[in-house]
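Undergrad: Join these two chains into a complex; the hints should help.
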Amino acid sequence: MTITLDNLQALLPLLITAATTVFVMLAIAIRRNHWWNATVTVVGLNIALIATVYVLFASHLFPDAVSKSLLLQTVTPLFVVDGFSLFFTALILISALGTTTLTNAYVESFKRNREEIYLLITIATAGGIVLTMAHHMASLFIGLEMMSVALYGMVAYTYDRARSLEATIKYMVLSATASAVMLFGMALIYAQFGTMAFSEIGQKMGAEPSLLVIVGGMMLIIGLFFKLSIAPFHLWTPDVYEGASAPVGAFLATAAKVSVFAVLVRFIVVEANGVLISEPFRLTLIVLACLSMLVGNILALLQDNIKRMLGYSSIAHFGYLLALVLLGGKEFGLEGFATYMAIYVVTAITAFGVVTLMSTAGADRDADRLQDFHGLFWHRPILASIFTLALFSLAGIPLTAGFIAKIYVVMAGISSGIVGWIALIFVVLGSSISIYFYLRTIISMFRTNKNLVPFDAKMDWGQRTGGIVVSITAILILVIGIVPNPLMYIAQLTKLVWAPV
Amino acid sequence: MLTWLILIPFIGGFFSWLAELVGSKSPRWISLISMFVLFGLTLKLWLEHNYSLSNLGADGTSVWVEEIKVDWIPRFGISFHLALDGLSILMLLLTSFLGVLAVVCSWSEVKKKIGFFHLNLLWIIGAVVGVFLALDMFLFFFFWEMMLIPMYFLIALWGHNSPTGMGRVGAATKFFIYTQSSGLLLLLAIIALVFVHASQTGVITFDYQALRNTTMDPKLEFILMLGFFIAFAVKFPIVPFHSWLPDAHSQAPTAGSVDLAGILLKTAAYGMLRFAIPFFPNASEVIAPVAMWLGVVGVIYGAFLAYGQDDIKRLIAYTSISHMGFVLIGIYSFNPIALQGAIIQMMAHGISAAGLFILCGQLYERLKTRDLKQMGGLSSRMPGLPPIAMFFAAASLGLPGLGNFVGEILILVGTFKVNEYVALVATTGLVLSAVYSLILIQRSLHGPAQSDAPIPGLNLRELLMMFSLMIILVWLGLYPQPVLDTSAAVVSGIDQLINSTPPAPAAQ
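Chains as they are written, first to last, in my numbering: chain A, 635 to 1135; chain B, 330 to 837.
The shape of chain B in the complex, shown without the other chains (with noise of 0.2 angstroms):
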């Protein structure tokens, strides 16, 4: 089962390869009906099995619902190990429900080598499902890597060349070097702690589970922690590692947006949740105060930046670092409650940051540009969108009754128990998130109007998309609890790892 989730991408994107020589419809039908087949599995995968605080393991940690083991290179010790907990399945819904969109997404705009362009497209969804499944380290990085090669085509071949950016051959050029040298990173820490693993027990594994018992002395830990922190933060992006991001996000098609923004960008979260800290609990312990300065760092340099960019991509992209920021001061809280956050902010984010991507490229599909500069007016000539983009905007900068409000409340709550001067920082990255989406919307859909020709409104298809985003954002702004439910186990875990060591600064 858990390896149909990686094979259905795969198997769908090469079919939807060859399907170009038959027409340009079939490989878009394709791609379309395998990540529908992939969302209704997580779907049942997530409503058949029991997640909650109740399904705990003897130790305290989340127990997997599934497990799959099979040896693959045994010389090494590598297994193909992937198994699904609490976190796994979120991530998974978000990731097989933003593939979905991100096939709807493109189906009017990409119109060369259509073929190609699905194959990437759902290749990205697939390793990036065996990134959230995997439990063999090796295997780990094994799609880390994996997903970042049809990212780099899909940027480099269907990217726009936007005037203000580097081009995007360029871009989806620094995307690659700076993932994957953060990569080198990580797989160097991964084989460190392996090494460390097999100098205490002579086995050599890359099994979760095993390494999670090594124990090293502090300054080794430390630098390994080191090794995972900084692969992650790139990914993630932390602050002074995120200048990929703007640039990859402008050039992106918009599906490769809605995956980098929605999907990718989570992955760099999941593995400090999964792996960096409960690998190296007492040296996360050490950095967390800074990992959480970071993070607010994040919070307010996002802020401001969005605010003064007259490319919406652009603009999106730091609103993109603003909001993991809050992630980031979630999960580094080590707050059961703020890790809770955390989780719905990843997801609301993710959400509502594809809504924002899509209604970005719709504009662009009819006015051809992306410059706010040139916007204007734009709710007296066009139908259907204005409400849509106020709506999301509104999202954005956290409004009660939307997910990502109840994110970042519980991020801030969580995180004023444990350090209340990080909270009130961050607080004010509240403030600065309502000034930038509102001059987002106040630039491109107010004031005077560039001409009064009427610009044709959303179509079925689009409107489809956009109300299937707000229902699930409304639904995880009034009623989160299926979702805290589902993480309450692996939370717990991460609680009990860091909390019940004995250092525990956490005010529990």
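This is chain A alone, in the form it adopts within the complex (with noise of 0.2 angstroms):
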């Protein structure tokens, strides 16, 4: 198979990261300079987020320069590159770049080298770029592991603290264990099929699936549930949240679900054109989503811990997600799930942010406590009230982004009729609950506290680049919240999906 120009054009994302990854380790192998491997890594990831817009718009901006080929376009049987790919190439990098931001103030004050974890963002990255461009259960897998065991580096990387390290062997040991129960589905799949890639799969499938790949696509969808953390495969999620530190966390709860929510939709509902969710399987994830919604937020309920609660979040919003995708099919579906997916992870990056921005790496423990937030609002107004937004977007609130991913997901919900309806009373009876605890960490920022305070952030907080990039989430959180046109007209270009002929 011959590579052209233009694949190498429309791969220029994944490249580029990929460079910077090797661009990196060189400059921590030529000198090790917190500073200057820092910004060798945000300079690459920004570089890579501007090719990925090129590719995005080039044949509208020069139609007579590039070819027309350049979006839509399959390169090697491995990668798709069409706008769903290019849109959550966009996220996963802008996430990339909200946590390497927020890092390099944390690490600050570690006493260990510094410098690795920058390289693990990358490679992390970089599999994640490749899950959203796979359609291919080979490039799944490979996108997959390069992202968790980078993951693994990442969260176990402040492993003085007996947290991390426990958290780190806990997900290690049941991603592995998702993973091989991942390979044996697509191992079932091909023993009926004969073929790895989503588009034959789905074409192959037909209405009356042999139970092989029932069992073997259960296999596979469990595996990347357990990625996303949707009940009953959830476990680790709070465990994890809570020992990683707080930027790693801003990173698991954004470029890590983004790129393996994306690689599952396009497998469920893009690619096969919706024939793999028959309706009883179709049902069974509802049924999925629903209990995500109950479980996350009813877990959440009594969480002291706001890591462990924003990860108790995660669970529900994931099931509010899931819940959108399946009732909204195609059409609305897509454009519903990267505006939501957008929504959710700028509200992540600015509620780990500010947590990030209490604690650095030095401490033996972030300031994640309900307690080390008392009285912020008095003492750190702005902060405080960018936690209140991003707490508020969580809950879906008016005024805030959140709300805007809500109205997606009822007019999913109310659109397709009485299954929707049902799901929809999840969705109420979970908003409802979740609003108790939200509204409870709010407070908490509100109450006076005459104990001495642990954490603090730094006084110039709003100079530093972990400030400014919370800020401006914060910003775009208000922002999405009252004029949400733009940020639909690009969820739009999900739908650009490229499919078999």
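Because the hints were derived from the structure by calculation, they are not lab data. Fair warning: this is a prediction, and the values are worked out from it, not measured in the lab. Glycine included, each C-beta is placed from N, C-alpha and C at the ideal position. Be aware that a few hints might be false.
[What the hints assert, rightly or not] Computed cross-link-like contacts, DSBU-like style, restricted to lysine-lysine with a CA-CA straight-line distance of at most 35 angstroms:
hint: 1; chain 1: B; residue 1: Lys398; chain 2: A; residue 2: Lys1092
hint: 2; chain 1: A; residue 1: Lys1092; chain 2: B; residue 2: Lys440
hint: 3; chain 1: B; residue 1: Lys398; chain 2: B; residue 2: Lys354
hint: 4; chain 1: A; residue 1: Lys1129; chain 2: B; residue 2: Lys441
[What the hints assert, rightly or not] Reference listing, derived: stretches of chain B covered by chain A, where coverage requires no fewer than 3 residues with Cβ under 8 angstroms from a Cβ of chain A:
hint: 5; stretch: 479-488
hint: 6; stretch: 507-515
[Stated by the list, open to error] Listed next, with one range per pair, are the computed distances between beta-carbon atoms:
hint: 7; chain 1: A; residue 1: Tyr1123; chain 2: B; residue 2: Val351; range: 24 to 30 angstroms
hint: 8; chain 1: A; residue 1: Ile848; chain 2: B; residue 2: Asn490; range: 55 to 61 angstroms
hint: 9; chain 1: B; residue 1: Val351; chain 2: A; residue 2: Pro1120; range: 46 to 52 angstroms
hint: 10; chain 1: B; residue 1: Val532; chain 2: A; residue 2: Ile1056; range: 52 to 58 angstroms
hint: 11; chain 1: B; residue 1: Lys354; chain 2: A; residue 2: Leu1130; range: 57 to 63 angstroms
hint: 12; chain 1: A; residue 1: Ile1059; chain 2: B; residue 2: Val760; range: 41 to 47 angstroms
hint: 13; chain 1: B; residue 1: Leu347; chain 2: A; residue 2: Ile1106; range: 31 to 37 angstroms
TA: Next up, the structure:
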């Protein structure tokens, strides 16, 4: 197979991210300087982001110079470049950039080697991009493992803390089990169809799939659900979120989830034209989505640890998302999925960002307990307002981006008949429960604290890079909440999907 | 112009937050000035437009005297659509007037975090103004939910931790969860309505006028109507959904109670008149008897529970439930007289409840207790306040010559023509209201005094507040015609809508 220039251009985001990994490695080898290594990472990821935007819009902007076929093409049987993959690539790169910048200030006080975390972030990012472009079992597995293995390292990075180490072991063992289950599932599907390309599987599926395929498909989905922490495969989530340092938590909640969800949606909805979600299968998945909403929100109720709370809240949010995708169908579902995902990424980065700004890697734990935030509003009003905004957005209150996301879920539910209505009952129930713990966290920032404050953001947090990231995402939450049109427009690009002829 | 009505409180609130850096006085003055500007603007809007019956549209509905429509989220047919008619302007007058009072009555009560307090106070007003003006369902919901957040902070941060209640944070959370989950139901119903409309016309739109013309099958109409009805019922509050109200009131600061009783409860009644009934006229007729009986239950239940309270603010909270029960009866009788009465009752109750809550606040500032058991004999200990308290208690029991009387009598007269039994049973509410109002006066002002130490009387600021409220109540009681004229067109629109559709039960 020959690779054309167009192919290479389309693959630029992935290539640049991979190159960044190499450059960061070399940069560390040349000189171990924190600022310099971080800068190399940020510059590399930014170029990758620009390349993503270029590939997405090039054929619109320069119709003469660029061949039309840049978008919507497959590059080798493994990768596909279309509006869908590029949108989520951009989202992953943005998450990675946010994580990198947050990490920068966070690891400043770390006593051991500070630089390798950037290497891990870029490797995981490259893995994530592979996932968004995957339309073949092989690339799915490569991307997933590339990301997961780097993630183990990231979670364990602050291994002086017993919690981190515990979280890593837990995550690694469970993750490996899930991968094994998934591999088995792939093997079963391959045994039946003799192919591993998503589109061909979809074509060969037919109306009445055999038992082998059903079991295989289920195992594959279980593996992916594990990574997405959809109930009942969520048990690792709170522990890992708690054990991982706050910026790594931001990466876990955003990039790691975006990429896996993207490939899941491509597998079951996009390329197979929805054949993979036969009615009983779809109902099962919707039940799991509803279960996630309930489990996530109920278990979050009494958490005193903010990272755990965010972990449970992410379980609930992925429940909403899964319901949105399954109920919305290929047209509306994709747009809603992209919008929701973008909003969730922005919100999660903000929430974890505030926790990061409050903590440093040098301390023996993060500022993640509820009482660490007591009285924050009265001595850091802007930071507390930002956190409040993020939590309101997670709760889906109007004026914040989360509300727009919720509107999509409700619309998808209402337009799809009785199943949708039943799912919406769970959405209402879940959201009502969730208000309690979001409010609990918010109000704790307004309580006056007479004790000494063990954790506090630095005086000049607003001028530091991490502070700027959090401020920008907070402004984005507001802007998307009030003027969602641009995001909706961009999200529509995800409907540009490559389809087998 | 309409946009400014919404923007003024928001901007004013923001600046009074910033002004805290300058000094503790400036936030108060900034918010007072912005409230006065708002009140002035609404007054001007009221005087310069004609809201009367002569100003009816071709289809018998009231016309908008002022309207703004700008595209907002075209993807879903959502626009920034504000419009003003007789009902809105009355509610706005009430809102902006109580807004001024809320700022004034917290002048000496709130001492900590003054800037942020006024930010919340003004943002509530801004969001409520938005609710009363919005004609796009999405925009309406936007404001509907937005007013809860500052209210939550108001109760949770500046509330009292009264020993009898569940604590201010608990009360605030309860309030928020009740209203938020009912809000979600409303959202579901709104979006379902939009989709029903879209399935008929192919156009997704949240616009009020367009959605009004949706025809649906009776079963679906009933379900959607229930979504609206329950959402408004929680805020109203109608009896099975009321339990957040006494808690919220008893923990809220005075200004919070004034806003809650005076304005927030009215948004629910407004929502029924503006949205629930015009969208679902047939289903509303089906549920009307149930709604009226629920109103009766509210009237009597609220009155009984009010009688048993020791906490003076809880007592007034339960009287609110009782008074709002009358409003509910008035609305769902679909009789023009009763509807007029309901609107007058909304205004009069807003004013009289605000007066009582402000009095409670003043008593609390002086006595540091709201427990009726620790009061008694106050009339011999302090000048000024007791006669004023007597006045508002009289207003609350529906003394002729004051606003509440006009409202209640119109509601009962109108309802009697539609459903005699409801009217008969509801009339007992008048007797019960006399009982609880008098017991309130008896237990607080008369009887043996706890001590002989004199208590300082009302100062000029407090007297001015009370006098302005009293003048309005007397005016509503003696000459309600301007208000009736203003609401006439809207009422006749609802009357037309219900009573000219084929199964017309009302004897008109």
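Undergrad: Now tell me if each hint is right for this structure.
TA: A quick look at each hint next to the structure:
1. B:Lys398 / A:Lys1092: Distance of about 46 angstroms is beyond 35 angstroms: violated.
2. A:Lys1092 / B:Lys440: Holds. A:Lys1092 to B:Lys440 sits at ~29 angstroms (cutoff 35 angstroms).
3. B:Lys398 / B:Lys354: 38 angstroms, violated
4. A:Lys1129 / B:Lys441: 53 angstroms, violated
5. 479-488: holds (count 4)
6. 507-515: holds (count 4)
7. A:Tyr1123 / B:Val351: 24 to 30 angstroms: 43 angstroms, violated
8. A:Ile848 / B:Asn490: 55 to 61 angstroms: 58 angstroms, holds
9. B:Val351 / A:Pro1120: 46 to 52 angstroms: 37 angstroms, violated
10. B:Val532 / A:Ile1056: 52 to 58 angstroms: 28 angstroms, violated
11. B:Lys354 / A:Leu1130: 57 to 63 angstroms: 59 angstroms, holds
12. A:Ile1059 / B:Val760: 41 to 47 angstroms: Between A:Ile1059 and B:Val760, where Cβ atoms are some 43 angstroms apart, the hint holds.
13. B:Leu347 / A:Ile1106: 31 to 37 angstroms: The hint (31 to 37 angstroms, Cβ to Cβ) is violated, given that B:Leu347 and A:Ile1106 are roughly 22 angstroms apart.
Consistency with the previously given hints fails for numbers 1, 3, 4, 7, 9, 10 and 13, ordered from lowest to highest.
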